[in-house]
Structures are given as structure tokens and as C-alpha cells.
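Asks: Spelled out from the first residue to the last, the chains are:
Protein chains: 2
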Amino acid sequence: MKLQNIRLAVDAIIFGFSEGNLYVLLIQQKFGTNKLQWALPGGLVQNEETLNEAVLRELAEETGVKINYLEQLYTFGDKLDRDHRNRVVSVAYFGLVDSSKIIVKPDTDALHAEWIALDEIPKLAFDHNQMVKLAFQRLQNKLTYQPIGFDLLPKEFQFSELENLYCTILHREIDRRNFRKKILSFGIIEETDKILLKGAGRPSRLFRFNKKKYRELEKEGIIFEI
Amino acid sequence: MKLQNIRLAVDAIIFGFSEGNLYVLLIQQKFGTNKLQWALPGGLVQNEETLNEAVLRELAEETGVKINYLEQLYTFGDKLDRDHRNRVVSVAYFGLVDSSKIIVKPDTDALHAEWIALDEIPKLAFDHNQMVKLAFQRLQNKLTYQPIGFDLLPKEFQFSELENLYCTILHREIDRRNFRKKILSFGIIEETDKILLKGAGRPSRLFRFNKKKYRELEKEGIIFEI
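The listed protein sequences correspond, in order, to chains A and B.
Quick note on the working numbering: the first sequence kicks off at 1 and runs consecutively.
Quick note on the working numbering: the second sequence kicks off at 1001 and runs consecutively.
Note that these hints are calculated values from the structure, not bench results.
Please note that a few of the clues may not be correct.
Straight-line C-alpha distance at most 20 Å; calculated SDA-like pairs for lysine to any residue [unchecked claim]:
(1) B:Lys1002 - A:Leu44
(2) A:Lys2 - B:Thr1050
(3) A:Lys198 - A:Arg208
(4) B:Lys1002 - A:Arg85
(5) B:Lys1079 - A:Asn47
(6) A:Lys79 - A:Asn129
(7) B:Lys1030 - B:Asp1127
(8) B:Lys1142 - A:Gln72
(9) A:Lys142 - B:Leu1134
(10) A:Lys211 - A:Tyr166
These figures come from a predicted structure and were not determined experimentally.
Let the sequences and hints guide you as you build the complete structure.
Replies: What follows is the structure in C-alpha cells.
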């Protein structure tokens, strides 16, 4: 067998949510053949780091965003020429953040790092559009059976923000009364003692996610389904 | 950055079901440092083949088993010394077959290839026990929302075989009356005109899976949930 000549990379699809819109964190390369083209943050894995360390490092280096955990999405290795310089197989990870809290600071490798609205994403380098598409499908699926939406919201949020997030990501209207009843019956969110006064609108109670309660339900095998 | 020195491999976790038991397809190496130790079928990816081609080739070479489709499970690359000869990152795939129909024939690389019952799996080479564990979790999860169980059964099967499969894999009793009602109401299985005569027992109707109906339900977004 010929010596293996395949490079291993990682890429990160980071979703953010802000003011009713879903965003993806993208960078614009300063150098290389894909100069000026938008791409996902990512790069080659170093010999002495785990895949998980590699993707967090690339993300921090290229966008300034530091997060602790990303979930492995899929390994892209069935298109041999996805990178025309050399065969590269890439392990894609995805993560969710409250984008209003995250400050994006590109470092020297990247010209820009920016939150781009999901429906305004241009043609990306490599097969990165396909990666975004798969990550979004995974997000939609998971949202219906895991309370991952809370990762996209501030620690304290209005109920209407949670509803909007579900409508935005699932691309459909939800039955708001049933949704509220269902979510509250799980006991996984709880009222805070704070009220938000919004201009002329009605004052609005703030809620927070109860992670402990969720872990308990999870242990009991209770399925969260919207 | 130092030249990347990471090898890329694929491994296959193939589940089979036969006479009420769940099996995993394992091989025993003839050569190498893990000589005689049991392992999953797998090996290094060649430069000119996709990941999917690589895993199907390794599977056929090492066990004689030819199948068309495997699902990507997870990429194992966070333990740097999972193979002590060189750093190897492995993309694990899993698949389901009716093991009574599959003839296992190891080729020259493997001493044995055998179906080993899930609860009798010995200490495997590398991190292969962890791979099997993860694949089994995925199988359990998927079984509750996708009709993947049919891949483990003969084309025509008795209803009791389907029930046993669910009990075996989910490790729990199921409410047989409700299960029957639910499965039949989905319309995804249908009666054949065949009856199986089993010794002194009651004659038993044979059923088959209706893939077309299932695809239709899937398109409509109907969730199959047991």
C-alpha cells in the first residue's frame, strides 16, 4: 500500500442567536487560494492535540471566540478533492452560543470574523456550505428533543424570546399556548424575580433554564419533545 | 507547524440479530502487535478511496461481508495513543444486518471472523470496546424513533420476532398489545399471505416492512416513536 497522504483538519460551525435571527460565525481568509472567500473557522490538527483541542484552538485563533465544548457533527471525507491542494478529511464540530455576549476578534490569519445571518450566507470555501446545512439540520432535530435552545439565549430571558427562537429555527409557527404549557410542565425553566420593563409594552417576566432539573429528567429517561 | 503525522483509519461495528440475540461482527488478527486479540474489522484509508469505500472494502476483505451502506457513527481522535505504533484517528461506522443471511469468510489478514454475542464481547484491541458501546447506544436511541430494526430481520418475519428484537435491544419488556397496535397503525409493516407452521405451536402470520410507506411518512415529518 502507498504511504498515506491525507491531511486531517477540523472545522467549527458556531450558531448564534440575536434579536430573533440565527447567525453563523464565519471568517474571511487573508492568505491562500481562497483569499477573501468566506469560510468556517478551522484548520489542520496538530500532532500532539486532540481533535477537540484542535477545533477550540482554531476557533479561538481565528475568531477570538473561546468556548468550552463543541459537539462532533460529522467527518467529511467522501469528496476526495474538497481541498484542491491536498486530500484533506475534516471533522466538523458544532456549537451554540448567545451571540450578543460573544465578542468576535479575528487574529492575524483572518481578515474578518463575523456573524452572518443564516439566510445570507454566501458561497463558502471548500464544502463549507454543506457543513452549515448539515449542522442546521442537526440543530433543528435536536431542538425538538433536547433543550439545547437555551445555549443560544442569555442566562435570563423573556418567554417570548424562547418562543421566537423555536419559530425561527424550526421555520414554522408554534402553538404558543401549548408550547408554554409544555415547557413549564417539564419544570426545566423557572421564573426569576425580575421583570423587564420594555418602553410602552407590557412588563415581561424573566426566566432562566434549570439545568439541574433537566439532568434529573434525563436520568429518568424522560424525553423532552416539542 | 510540524508536518502532520497522523494516520486516518476506518472501523466498522456491524450488528446482527439471530434467534433473539444481538451479535457484533469481530475479527481476530493473524499478524501485528494485537495478534490473536479480537478487534473490529477496519484499517487505514487509501489515498484514492472515500471513507465510505474504505470501510466497505475493509469489511469485505476481513470478514467477507458485503453490504452497501454503513452509517457514520463518530470519529475517535481524542486519545492520542489509542494505537501505540502511530497516532491514528479512526472514523467509526455502524451497520445492521440479518446475521442469519450473512456468511462470514475471513480472508488472509484475519485468522477468524465471527459473530460474537454483545454480552460476551472480550477485551478488544485499541479503543474498540468503546466504539461498540457507543454504537449500541446509537442503535438503542435510533430504534425508538426510526424503524431501523427491520434491517436486522429477515425480509419476512413473525410479529413476535419484531417484539423480541425491541425487547432485546432496549433491555426492557414492552407492552406487547400497545406495541402491536402502534406499529400496525403506522402502516409501515404489512401482512404477507404466508403463514408459518411451527411444530406444535400456533401457526404464525408472516409480515414484511413497507419501506415506501415509511418514506412517505418521513416526508410528511411524522415521527415514529415507540
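Asks: Quick check: which numbered hints come out false for this structure?
Replies: The structure conflicts with no hint, since it agrees with every one listed earlier.
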